[in-house]
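Number of protein chains: 2
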Amino acid sequence: MPVRSSIQLSRSRVRLTTRSPMTNPLIARLRLLSSLSEDDLQILEAACTGPQTVPAHSDIQAEGRGTEHIHIVQSGWAARYRLLRDGRRQFPALLIPGDLCDIDALLLNRTHFGVVALTSCTISVLPHARLREIMESRPAIRDVFWWLTFVENAISAEWTVGLGARSAEERLAHLFCELLVRLATVEMTDGNSYALPLTQDQLSDAVGLSAVHLNRTLQDLRGSGLISLDGHRLTIHNWEALKDFSDFSADYLHVEGLRSGENRRAAH
Amino acid sequence: MPVRSSIQLSRSRVRLTTRSPMTNPLIARLRLLSSLSEDDLQILEAACTGPQTVPAHSDIQAEGRGTEHIHIVQSGWAARYRLLRDGRRQFPALLIPGDLCDIDALLLNRTHFGVVALTSCTISVLPHARLREIMESRPAIRDVFWWLTFVENAISAEWTVGLGARSAEERLAHLFCELLVRLATVEMTDGNSYALPLTQDQLSDAVGLSAVHLNRTLQDLRGSGLISLDGHRLTIHNWEALKDFSDFSADYLHVEGLRSGENRRAAH
DNA sequence: CGCATACTTGAGCGTTCTCAATACAGGTGG
DNA sequence: CCACCTGTATTGAGAACGCTCAAGTATGCG
Chain E
1 MPVRSSIQLS RSRVRLTTRS PMTNPLIARL RLLSSLSEDD LQILEAACTG
51 PQTVPAHSDI QAEGRGTEHI HIVQSGWAAR YRLLRDGRRQ FPALLIPGDL
101 CDIDALLLNR THFGVVALTS CTISVLPHAR LREIMESRPA IRDVFWWLTF
151 VENAISAEWT VGLGARSAEE RLAHLFCELL VRLATVEMTD GNSYALPLTQ
201 DQLSDAVGLS AVHLNRTLQD LRGSGLISLD GHRLTIHNWE ALKDFSDFSA
251 DYLHVEGLRS GENRRAAH
Chain D
1 MPVRSSIQLS RSRVRLTTRS PMTNPLIARL RLLSSLSEDD LQILEAACTG
51 PQTVPAHSDI QAEGRGTEHI HIVQSGWAAR YRLLRDGRRQ FPALLIPGDL
101 CDIDALLLNR THFGVVALTS CTISVLPHAR LREIMESRPA IRDVFWWLTF
151 VENAISAEWT VGLGARSAEE RLAHLFCELL VRLATVEMTD GNSYALPLTQ
201 DQLSDAVGLS AVHLNRTLQD LRGSGLISLD GHRLTIHNWE ALKDFSDFSA
251 DYLHVEGLRS GENRRAAH
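One line per chain: the protein sequences are E and D, in this order. Residues in the first sequence are numbered from 1 upward in steps of one, following this note's numbering. Residues in the second sequence are numbered from 1 upward in steps of one, following this note's numbering.
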């Protein structure tokens, strides 16, 4: 039993050698977590058109607008955001490669949240019309997108709990745990360490703290020896202790994948 | 222009005379907000089995369990909850008649949130297997359930924003606005007033405040003349002012109903 | 080298918390 | 009808937490 255990996701379904580093991370994630066939994955990948670059700080999707595409983060970090009257800003979600920015626009007229690129991002686009076609002919894909919606919902609920009931330090530690697990599913971690290219300002909008207090909280966390954050690389020195401190459990991220599906099959 | 304007939802599709007071509130809500046919509504209503009574304070769905049914609130108030190690509790969602308690269990193995009855509730049950059958034969119903998921998601995001960026008083005022609109869709309001059967303890778990501070915040709100809360009836004396104070906009509740659907039709 | 952005630190204030006591309400049994 | 009991609401006081304002220090880029 190593003193510093490290997070480990099952990678049984992943064939690293067959994937170029430029592979769509959403596809990578679904290959790992869903039971979609290679066929389905390829159809989906083909439907994602033209990754285009969005510079940091600019909107991927403006607040209150409609859209006819789903935006998918290919590389870089983004966030859903909401501006309050007096200029306060809150991120209800942080988006990393493989995340859908605005799937809710598929059925909702307007997204009342904007999506902003926190770093320079490449974003690919999946037209609603095309996705509807695909979902019609491939029910498994439809289920996967619904599943993704549920997972997002679970993350959102967990953030609500954190903001409502956890202290600043716990909240931040919890976020670092969440990010390790989520980044691991798209192979953006290196052991217990990952690149965290956000500014403290941006982090503070995610955890609902002022930038000043975020800075101090970060120092407390560093001081406790649980993590370090130098340059923009976050390292978790003691995963078990950080998990324990922040009361983190990866359950809500549903990293174990889709329900195995006897019931679904039985029903069809 | 009345000084105290009152909230008004379009009720054009509702035929009040044809509905008994015992009608399934989920069906009532969908009749109002979705474009489901009367046929679809009836199929759905028929699939909701045996409303059963759950006493206040007991679990409708235990934390971390799986389930083979969707639980639907018929009457009474419930909440999704999450317990933290040290006993703190947070509600990521408040559930009123017509709400689905645990639709995510349809695709997720376990719900990591519990559902508790806040008052005595009647809960009806929709078996997953049956719902899957129905969704297979009635795509419109499938879309409506996905739409409901998105709306929940939007509410959850809005709560995140509130907890992260709004003051105690704004947060509480915002919740009162939200509840007015949501209750109006199931006809549980009387003008700008509604029964709010929750204890202050329960309210405090929804807005992430201590019970003591919730009490004081409530008094501030009462003192400002915007609302009153006597017995368990909440009255909003000045809807516009309360909306303005809490920066509330009903957009995120999507009370205007499903997207009109040209795109959906075009794709099929 | 200089400017802009990000990070850090200090100090004081305001909000929200905890602990603890008190008041009030509804329901039960004597 | 009253005494009591439990749960809920209210109040006070002090402490902790997180905020704002403001200054100062890195760091990176042109």
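Treat the hints with caution; some may be incorrect.
Since the list gives no way to pick one copy over another, a pair counts as held whenever it fits inside one copy or between any two copies.
[Unchecked claim] Dumping the calculated SDA-like pairs for lysine to any residue here, alpha-carbon to alpha-carbon at most 25 Å:
1) LYS243 - GLU63
2) LYS243 - MET188
3) LYS243 - TRP146
4) LYS243 - HIS232
5) LYS243 - ASN109
6) LYS243 - ARG110
7) LYS243 - ARG85
8) LYS243 - GLU136
9) LYS243 - HIS112
10) LYS243 - SER37
11) LYS243 - ASP220
12) LYS243 - ALA211
13) LYS243 - GLY50
14) LYS243 - GLY87
The set of hints was computed from the structure by calculation and includes no laboratory data. No experiment lies behind these values; they were computed from the predicted model shown.
Give the relationship of LYS243 and HIS112 under a CA distance limit of 25 Å: within one copy only, between copies only, both, or neither. between (33 Å within a copy, 17 Å between copies)
Given a CA cutoff of 25 Å, do LYS243 and HIS232 count as a within-copy pair, a between-copy pair, both, or neither? within (21 Å within a copy, 41 Å between copies)
Alpha-carbon proximity between LYS243 and ARG85, which holds within one copy, between copies, both or neither at 25 Å: Between. Shortest inter-copy distance 12 Å satisfies the 25 Å Cα cut-off; intra-copy 36 Å does not.
Regarding LYS243 and GLY87, is the shortest C-alpha distance of 25 Å or less found within a copy, between copies, in both, or in neither? Between copies only: 18 Å across, 33 Å inside.
Give the relationship of LYS243 and ALA211 under a CA distance limit of 25 Å: within one copy only, between copies only, both, or neither. Result: close within a single copy only, 24 Å intra versus 28 Å inter.
Indicate which option fits the pair LYS243, ASN109 if close means a Cα-Cα distance not exceeding 25 Å: within, between, both or neither. Result: close only across copies, 22 Å inter versus 39 Å intra.
Same-copy or cross-copy closeness of LYS243 to ARG110 [CA-CA at most 25 Å]: between (37 Å within a copy, 20 Å between copies)
Indicate which option fits the pair LYS243, MET188 if close means a Cα-Cα distance not exceeding 25 Å: within, between, both or neither. Only inside one copy: LYS243 and MET188 sit 19 Å apart there, 43 Å across copies, limit 25 Å.
Identical-chain pair category, LYS243 with SER37, by Cα at 25 Å: Answer is neither; intra-copy 34 Å and inter-copy 49 Å both fail.
Using 25 Å as the alpha carbon limit, work out where LYS243 and TRP146 are close: within a copy, between copies, both or neither. The answer is neither: 29 Å in one copy and 33 Å across copies each exceed 25 Å.
Up to 25 Å between alpha-carbons, please classify LYS243 paired with GLY50: within, between, both or neither. So LYS243 and GLY50 fail the 25 Å test inside a copy (39 Å) and across (42 Å) alike.
Within, between, both or neither: how does the pair LYS243, ASP220 come out at a Cα-Cα threshold of 25 Å? within (16 Å within a copy, 39 Å between copies)
Hint violations for this structure: numbers 3, 8, 10 and 13, all remaining hints satisfied.
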